[in-house]
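As they're listed, the protein sequences go chains A and B.
All letters in the first sequence, in the order written, are residues 1 to 392 by this note's numbering.
All letters in the second sequence, in the order written, are residues 1001 to 1162 by this note's numbering.
Be aware that a few hints might be false.
What the hints assert, rightly or not - Ranges between beta-carbon positions, derived for each pair:
id : chain 1 : residue 1 : chain 2 : residue 2 : range
1  : B       : L1158     : A       : P353      : 45 to 51 Å
2  : B       : H1076     : A       : A229      : 44 to 50 Å
3  : A       : D377      : B       : E1123     : 20 to 26 Å
Said to hold, decoys possible - Below, simulated SDA-like cross-link-like pairs (lysine to any residue); rule was C-alpha separation at most 25 Å, straight line:
id : chain 1 : residue 1 : chain 2 : residue 2
4  : B       : K1124     : A       : G274
5  : B       : K1124     : A       : A34
6  : B       : K1070     : A       : L242
7  : B       : K1124     : A       : T380
8  : B       : K1124     : A       : V381
9  : B       : K1124     : A       : E378
10 : B       : K1132     : A       : D240
11 : B       : K1061     : A       : G241
12 : B       : K1132     : A       : V381
13 : B       : K1071     : B       : L1154
As the list claims (entries may be wrong) - Partial selection, computed: residues in chain B whose CB lies under 7 Å from chain A:
id : residue
14 : G1052
15 : E1085
16 : G1095
17 : E1096
Calculated from the structure, these hints are not laboratory results.
Because the structure is a prediction, the values reported are computed rather than measured.
Glycine included, C-beta positions come from ideal geometry on N, C-alpha and C.
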Amino acid sequence: MKALALLLMVLAWPAQAAWEWSAPLTVNLVQGAAIFPHLESANRRGVAVSGDTVGVVWEDNRSGSPQCYLATKVAAAASFQPEIRLGESDCYEPVLVALGEGRFVAAWESAGKVHARVLPGGAPITLSDGDAAQITLAAQGNTVYAAWAAQAGRFHRIVVARLALQADGLDVKTVQPVEAAMPTDEQGWPALAVAGDGSVTVAWEDRRYRHSVPMVSHSRDGRSFASPARLTDHKSGRVDGLGAGTGAMRPTLSAWGPRGIAAVWLDKRDFLSGYDVYAAFDAGNRRFGKNVRVQDSFGDNMAQWHAQIVGAADGSLVALWDDARDGTPDVWLSEWTGDAFGDDVAVPAAAGPGQQSDPLAVFDAAGSLHAVWLDRDEATVTRIRYAHARRK
Amino acid sequence: MKPYLLATALLFGAVTAWADPPAGYPFVDYNAGLKAARASGKPIFLYFGRYGCAWCDHTNKQTFSDAALKKLYSSHYELVYVDSESGRRVTLPSGERITEAELGVRLNAFATPLFVYLTPAGEKIVQIPGFKTVQDFRDFDRYVRGGHYKQQTLLEFLGGKS
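Next comes chain A alone, as it looks inside the complex:
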């Protein structure tokens, strides 16, 4: 236990530094009162940095149906390049990971299946045989993993695939359900992370206990997974013979430090204050510890939404979400200090009048934080905004 505490303290060394944010840029070039961009995806993996290129994926309805788009920007550029479409038909919940040297892998749902492609240049391939949804990706070097919710009998279950890069293409090497047994209720919204030691962690939203519980499993090789465990330490159950337990949803994972994995999710254990953001840590022993409340006391009595955890190999770890404590939704950030999450700080360009919500973020190799969010103004035009931050 002391060793774990020491490790957590060491991992928290960058946490005291404040952030210096760039001026925000608009990512989506096509906007309008009836155009609705969305950043939602499994594990909220919609922004990635590959070399000096930032990529952002989203879905909007500019063409009359939901389509997914990618926009990129090199660090020195003043604006994003015009976006490109990821596929040819209806598209939902796209995700993006970096391969390095300006290359990415994007994945999305279309026509009831999940698809992926290497960008730039690669052609889309279909990853799933049957009905599938809610795909997410994680990469380490040239090894790419995907997880999604695959139809299995009456319900969906989580599967993990290992993908191999071949020139500008992808090859599906293995597709493995996390559990061999058929699901007894719904599973969905998987989150994936590859730790510094190459092991794979997958978390997801699971209804086997007749209410939503984030579950987690690990694999040393990405093929054989350990029996799932609860991510939550809140053992809820029936209340006076009613219901089944409080809700917890949309887990996200991030690799963190040399071998660690961090998780956050939305948790309704305090059911009178809406969802709160809770976190848990696996320092490298492939077991998550006790849960930690993320938002500070000023955000306690209201609902938090769209939470994401973002970690880096140097031990940096931040959680982002949106809440309306100041009257309208703003994007908030809290950094892990070693024994708790620090005070909540509004992202400067993602706070104030109007609605700023749905944050996504990622660290680059140099330790800068890149954030993307939705900004809906009084004219109800929704823009995707981007800014990056360096430590002061």
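With chain A fixed as given, assemble chain B onto it according to the hints.
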């Protein structure tokens, strides 16, 4: 198969996870309910529940078990059930496509159950959180179908009721 399950299963093959609409009521999903309301001209009664929610279970057993209430609401409303944690897709009257869980964000759903009354065009009339009695739902019905919401808040209406 129950009407709610049947309608949803037929219309949406996407990720589905059944929550807890009260038994015996003709609840349908959001998209089907809005379509039905536009055709029938009936207001919409939207039950925003959560899978495993104790207070939803309590409301179902204590309140929605009332036969007269079931007849009242089944006759005069398009009944819509939304699962507050579901990724099932819904299309808002604005044309925006979101998930059922995201609808909770838009409604600032603090707790479940949450009951939302909508016009046949899908515009919100009033939303009411938490456990409610049979008499409460009768009062809400008078407020909505009597058109009192056009002149009074629900609190003003309830304060002045005889």
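List, from low to high, the hint numbers that the structure doesn't satisfy.
-> Checked against the structure, the hints that fail are numbers 1, 12, while the rest are satisfied.
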